[in-house]
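Quick note, the sequences are listed as chains A and B, same order.
If you read the first sequence in the working numbering, its first letter stands for residue 1, the second for the next number, and so on.
If you read the second sequence in the working numbering, its first letter stands for residue 1, the second for the next number, and so on.
Just so you know, the hints here were simulated from the structure itself, not pulled from any lab data.
Computed from a prediction, not measured in an experiment: that's the story for all the values here.
Where a beta carbon is used, it is the ideal one built from N, C-alpha and C, also for glycine.
Keep in mind that a hint or two might mislead.
[Said to hold, decoys possible] Here are the simulated lysine to aspartate or glutamate pairs, DMTMM-like style, with alpha carbons at most 25 Å apart: (1) B:LYS223 to A:ASP174; (2) A:LYS32 to A:ASP124; (3) A:LYS122 to B:ASP311; (4) A:LYS121 to B:GLU170; (5) B:LYS210 to A:GLU268; (6) A:LYS121 to B:GLU16; (7) A:LYS32 to A:ASP215; (8) B:LYS210 to A:ASP136; (9) B:LYS210 to A:ASP174; (10) B:LYS210 to A:ASP235.
[As the list claims (entries may be wrong)] Some chain A residues close to chain B (C-beta under 10 Å, calculated; not the full set): (11) ILE36; (12) ILE63; (13) LEU65; (14) ILE77; (15) LEU80; (16) ILE90; (17) LEU104; (18) GLY110; (19) GLY114; (20) VAL182; (21) ILE184; (22) VAL186; (23) TRP216; (24) SER266; (25) GLU268; (26) LEU276.
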Amino acid sequence: MDTSLLLELAVNGVFIGLMYALVAAGIVLIYKTSGIANLAQGALAMTGAYMAWIAGTLVGLPIWLAAPLAAIVMFGIGALIERFAMRRMIGQPLIMAIMLTMGLEIMLRGLMPGIFGASVKKIDIGIPNAPIILGDILINRTLLIGGLISFAMIVASILFFNSRLGVIMRAVSDDQTASWSVGIRVERAIAIAWGLSAVMATTAGVLWGATQGIDWSLSLLLIKALAIAILGGLDSIPGVLIAGVVVGLVESLATGIIDPMIGGGSREVLASVIILLTLLVRPHGLLGREHIERV
Amino acid sequence: MFYRRAGIRYTSYRSERRLWRLPFDRGLVAAVLAVLLVLPLVVDRLYLVGYLMPWVIWSTAALGLNFLMGGAGQIHLGYGAIIAIGAYASTHLVRVGVPFEIAMIAGGLASAIVGSAFGAAALRVKGLYLAMATLAMQQIVDFVIIHVPAISGGGQATLRVPAARVLGIELSDDLRSYYFALAVGVAVTLFVLNVGRSSFGRALAAVREKDYAAAVIGVDSFKFKLLAFWVSSFIGGLVGAVLAFCYYRAISPDQFHLDLSIQLVAMVIVGGLGSVLGSFFGAALILFAPILLNQAVGALTNNFGFGISADLRAHLPLLLYGGMIMGFLLIEPLGLAKIYDNIRNYFVVWPFRHAPR
Numbered sequence: 001m002d003t004s005l006l007l008e009l010a011v012n013g014v015f016i017g018l019m020y021a022l023v024a025a026g027i028v029l030i031y032k033t034s035g036i037a038n039l040a041q042g043a044l045a046m047t048g049a050y051m052a053w054i055a056g057t058l059v060g061l062p063i064w065l066a067a068p069l070a071a072i073v074m075f076g077i078g079a080l081i082e083r084f085a086m087r088r089m090i091g092q093p094l095i096m097a098i099m100l101t102m103g104l105e106i107m108l109r110g111l112m113p114g115i116f117g118a119s120v121k122k123i124d125i126g127i128p129n130a131p132i133i134l135g136d137i138l139i140n141r142t143l144l145i146g147g148l149i150s151f152a153m154i155v156a157s158i159l160f161f162n163s164r165l166g167v168i169m170r171a172v173s174d175d176q177t178a179s180w181s182v183g184i185r186v187e188r189a190i191a192i193a194w195g196l197s198a199v200m201a202t203t204a205g206v207l208w209g210a211t212q213g214i215d216w217s218l219s220l221l222l223i224k225a226l227a228i229a230i231l232g233g234l235d236s237i238p239g240v241l242i243a244g245v246v247v248g249l250v251e252s253l254a255t256g257i258i259d260p261m262i263g264g265g266s267r268e269v270l271a272s273v274i275i276l277l278t279l280l281v282r283p284h285g286l287l288g289r290e291h292i293e294r295v
Numbered sequence: 001m002f003y004r005r006a007g008i009r010y011t012s013y014r015s016e017r018r019l020w021r022l023p024f025d026r027g028l029v030a031a032v033l034a035v036l037l038v039l040p041l042v043v044d045r046l047y048l049v050g051y052l053m054p055w056v057i058w059s060t061a062a063l064g065l066n067f068l069m070g071g072a073g074q075i076h077l078g079y080g081a082i083i084a085i086g087a088y089a090s091t092h093l094v095r096v097g098v099p100f101e102i103a104m105i106a107g108g109l110a111s112a113i114v115g116s117a118f119g120a121a122a123l124r125v126k127g128l129y130l131a132m133a134t135l136a137m138q139q140i141v142d143f144v145i146i147h148v149p150a151i152s153g154g155g156q157a158t159l160r161v162p163a164a165r166v167l168g169i170e171l172s173d174d175l176r177s178y179y180f181a182l183a184v185g186v187a188v189t190l191f192v193l194n195v196g197r198s199s200f201g202r203a204l205a206a207v208r209e210k211d212y213a214a215a216v217i218g219v220d221s222f223k224f225k226l227l228a229f230w231v232s233s234f235i236g237g238l239v240g241a242v243l244a245f246c247y248y249r250a251i252s253p254d255q256f257h258l259d260l261s262i263q264l265v266a267m268v269i270v271g272g273l274g275s276v277l278g279s280f281f282g283a284a285l286i287l288f289a290p291i292l293l294n295q296a297v298g299a300l301t302n303n304f305g306f307g308i309s310a311d312l313r314a315h316l317p318l319l320l321y322g323g324m325i326m327g328f329l330l331i332e333p334l335g336l337a338k339i340y341d342n343i344r345n346y347f348v349v350w351p352f353r354h355a356p357r
């Protein structure tokens, strides 16, 4: 095996992993505050990308204006989802809340391509196509910049948990009833978490849209994001960063090493294998808090 | 009016545990069964293949999934993979010359073994994690089927299903296939109905409500969860065999993708978690709503010139599934079965208010 090829795959894999991790960070954010895994995160990323495309191409705004605008709209949509759907699931069995997000995922996957057309949409975020050549390895410029933006956003969300609002969210994730009793508005905190998570999804959706075009397949990011969220620990944002790099690396190297042996396609299944292995060996993930159930 | 409860007195536990507490229910079920038996002789073949057969088969599948999700409270997002294992296993066995009756049972067993192996792996975790573990299982089984040529017959291949004989009767024409599918459906329905009255069913209900509490009263929750996975996967495997031999007659991996699992989950939720009747309602709604909607849209386009784009029309089913799952969870979490129950309870007291409840 060629070392420089492996190195190239590894470097690009790290950036891909960081971009996956941005979707996963949204899942973790919602899980941390409300204890629900959002299976609609992939569809939210897709919706966000469509929003950016609407603002950018249909309305004709420049991308530096269109993307933030899409993020603001998605913040609202995320908060509305919490207000009108998830809030009514409080006190219901967990299975219902999960299925509700699953239903949302399916609906969005039909709604967006249905209304705006199923063909692949191009979105240009102003990154030139030419790769960066470093010694004898090529780095995809879109992946590099996307990975760095994702990294910055995840670090920002780690820092966010030290702000006043972040402390409130940590309190909510720790104990909802106790938070209520000291005057924290729990519902509002959860709604903000949904909004922020939708913003993260939008950023990821725009970045991925720039790499592979915008269509329904963006919602498939869900599986990779779930793998990262579970491997890192569902309630740990730093875990997402580590797991993202791991998943990206493994996936990228596997396409280089395993695919020639079995004839391709290992990319799709690796995330599932990672989910299953993590659940078998260490269900709470690398950095997650072990879940103790009190009866 | 119909549902007269007057005069029903339980004098023993045995009578309270009866399958049909209202005499009218027994009559209703018998009438429905009679209609299902006679209908294919009356209606056009198109309706038989297009509506009746898929409804019977998918209802059976929904019963199997509902047994796990509603009966034992274990979420499963990979039931399509279970059905695929049953379909492929039985098809391959018949192709090498095993009699269909044995191949079908073996297909069920193969599904049960793989399904409960994944179940055992997944049972360390629960709720949310179980959802993800079964989702992962769906992807892995899909991957294995596609990438092992010995199973799928190579890359994008479609595997032809040989004609089968059941007890000496050739399952070649649609009518016989339908009756066979109906027989399997009735058998599964009777099984699921009666499990609820047995100690097994009560143990599952205890596990569903709270597994630790079940363990405290002496129910081995791990064992019963695993058994639930086993039974439900076995039913899934049987359905897979029926599906392959009676309905599809040629199988390819993309018939059993995640979309199928999602449809099945939608059937269970729309119909009503844990309800036998609901499985039938849910299968009917999920199967026929997109068809009806499509026809309605087509009629609108033709008669009023109210056109919608081809893209939107192609995505209407997805929109509908998602909308129905969300709508039912938000408005009537217990599904169509609960709506039926409400109507029935209304009639129980309406014209005959004096009837004791």
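Hints, one by one, checked against the model:
1. B:LYS223 to A:ASP174: 33 Å, violated
2. A:LYS32 to A:ASP124: 34 Å, violated
3. A:LYS122 to B:ASP311: Holds: LYS122 of chain A and ASP311 of chain B sit about 18 Å apart, inside 25 Å.
4. A:LYS121 to B:GLU170: 51 Å, violated
5. B:LYS210 to A:GLU268: Between LYS210 of chain B and GLU268 of chain A the Cα gap is close to 35 Å, so the pair fails against 25 Å, i.e. violated.
6. A:LYS121 to B:GLU16: The given pair, whose Cα atoms are some 62 Å apart, is violated under the 25 Å limit.
7. A:LYS32 to A:ASP215: 29 Å, violated
8. B:LYS210 to A:ASP136: 59 Å, violated
9. B:LYS210 to A:ASP174: 23 Å, holds
10. B:LYS210 to A:ASP235: 24 Å, holds
11. ILE36: Constraint on ILE36 of chain A satisfied, holds at 8 Å.
12. ILE63: 25 Å, violated
13. LEU65: 27 Å, violated
14. ILE77: 14 Å, violated
15. LEU80: 13 Å, violated
16. ILE90: Where the cut-off is 10 Å and the nearest Cβ of chain B is about 12 Å from ILE90 of chain A, the hint is violated.
17. LEU104: This hint holds: LEU104 of chain A lies near chain B, its Cβ roughly 6 Å from the closest one there, short of 10 Å.
18. GLY110: 3 Å, holds
19. GLY114: 3 Å, holds
20. VAL182: Result: violated, 28 Å to nearest chain B Cβ.
21. ILE184: Check failed: Cβ of ILE184 of chain A comes no nearer than 24 Å to chain B, outside 10 Å.
22. VAL186: 20 Å, violated
23. TRP216: Where the cut-off is 10 Å and the nearest Cβ of chain B is about 8 Å from TRP216 of chain A, the hint holds.
24. SER266: Result: holds, 8 Å to nearest chain B Cβ.
25. GLU268: 7 Å, holds
26. LEU276: OK, holds: LEU276 of chain A within 10 Å of chain B, min 5 Å.
In terms of the numbered hints stated before, the structure departs from hints 1, 2, 4, 5, 6, 7, 8, 12, 13, 14, 15, 16, 20, 21, 22, listed from lowest to highest.
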